[in-house]
Amino acid sequence: MGLAPSTPVLSLHLATLSLAYHLVRLVDVVVRAHQSPNPSTLTPSSTTSTVTDRRRRSTLRPPRRRRAAPATFTLNRDVVVRPSRAGEATEPPPLLPCLVPLAPPFAAAAAAAREGDARRMRVKRRSKNRKVVRFYATCFGFREPYRVLVDGTFVHHLLSHSLLPADDALQSLLSASRPPPLFTSKCVLAELRRLGKSHADAFDAAALLATAKCEHDKVVSAVDCVLSLIGEKNPEHFFVATQDSDLRAKLREVPGVPVIYGLKSSLFIEQPSVQQRKFAQLDEEKRLHMGKSEYQKLLKVPSDGKAAASENASDDEKNRRPISSLVENALGVADKSKFKKKRPKGPNPLSCKKKKPKPQLSAAQNQ
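With mature numbering (1 follows the signal peptide of the UniProt record, and there is no 0) applied, the sequence shown corresponds to residues -20 to -1, 1 to 347, in that order.
Calculated directly from the structure, the hints in this document are not laboratory data.
A couple of the hints might just be wrong.
[Said to hold, decoys possible] Straight-line alpha carbon distances no greater than 25 Å define the calculated DMTMM-like cross-link-like pairs of lysine to aspartate or glutamate that follow: (1) Lys177 x Glu195; (2) Lys277 x Asp263; (3) Lys198 x Asp224; (4) Lys244 x Asp97; (5) Lys198 x Glu212; (6) Lys166 x Asp226; (7) Lys230 x Asp204; (8) Lys277 x Glu264; (9) Lys230 x Glu216.
Make the full structure from the sequences, and use the hints.
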């Protein structure tokens, strides 16, 4: 069994505990004095609250320390400070300057990388739009200045997203050398007028545009009016700018109609649909083959060498003759080439060694 401690030992333990308690209290007072605001600015309510807090913490355990709020950073090295609580300093001075957080050194590099990615995306989008415009210019004969037919939904989108001036935005979209003229119709203006105050600005802006002539006795809907202006093959070569998804779906089936639409603060051109690509391919194949008018012209124009023979020939014989022979006769191409084919020749006589003459035997030797 252990021996009970004597009176001097117990007194020593009590003295040590009291000293530790007073040290903890002293440290607590120093920390609070360092973090407390100016006493002149304290109100009576705040002083009474601090006194009651000190009375409550009369135990031997040290006071709890609050966790420091993590500092957030921006790209310009500005530290965002959290809002202060009651009784706390707004900007406490740092005890250790080496622990002050700094912005990461790679922030500038990350910002430059983001700018580079955005620039590459803009270049890629611009090249796609140029390919679409080149397709319609090659296959359907679109030429500058491009003409853009605008409906009410697209005008409202331009105003709501501040894509102004609209002609400059469309010029950069189409990569044109000059701003394209914008057109609308009377039916589109009438529809905007019926929508009331919500589209009053769009109506005022659309009224300033040029008006395309639509052949309607009565006012119809904007969708029907745009489809009537486009027709079956878009003879006026309009770029149609609209936000109506139903109208865009109908225009995809019409050959030679490029569609422009907006997405937030950007403008896009729809890629050519399958029907438009098939129509362009069939049209190109027709150009490669001979038409009926050209075929009849070839029948009427015989060659000089066979004029009499072609005149004596009957119509049935002319029709039976193949097209290749007709083309050759019209162009004056002979059936057989007049030039002789090159054949391999003998060696050059100047480069060959001369033959030595054989010695002639005399008559005596012959006898």
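Consistency of the hints with the structure:
1. Lys177 x Glu195: violated, 28 Å
2. Lys277 x Asp263: holds, 22 Å
3. Lys198 x Asp224: holds, 22 Å
4. Lys244 x Asp97: holds, 19 Å
5. Lys198 x Glu212: holds, 21 Å
6. Lys166 x Asp226: Holds. Lys166 to Asp226 sits at ~20 Å (cutoff 25 Å).
7. Lys230 x Asp204: holds, 11 Å
8. Lys277 x Glu264: Within the cut-off at roughly 22 Å; holds.
9. Lys230 x Glu216: holds, 18 Å
In summary, the structure is inconsistent with hint 1 from the numbered list given earlier, while agreeing with all the others.
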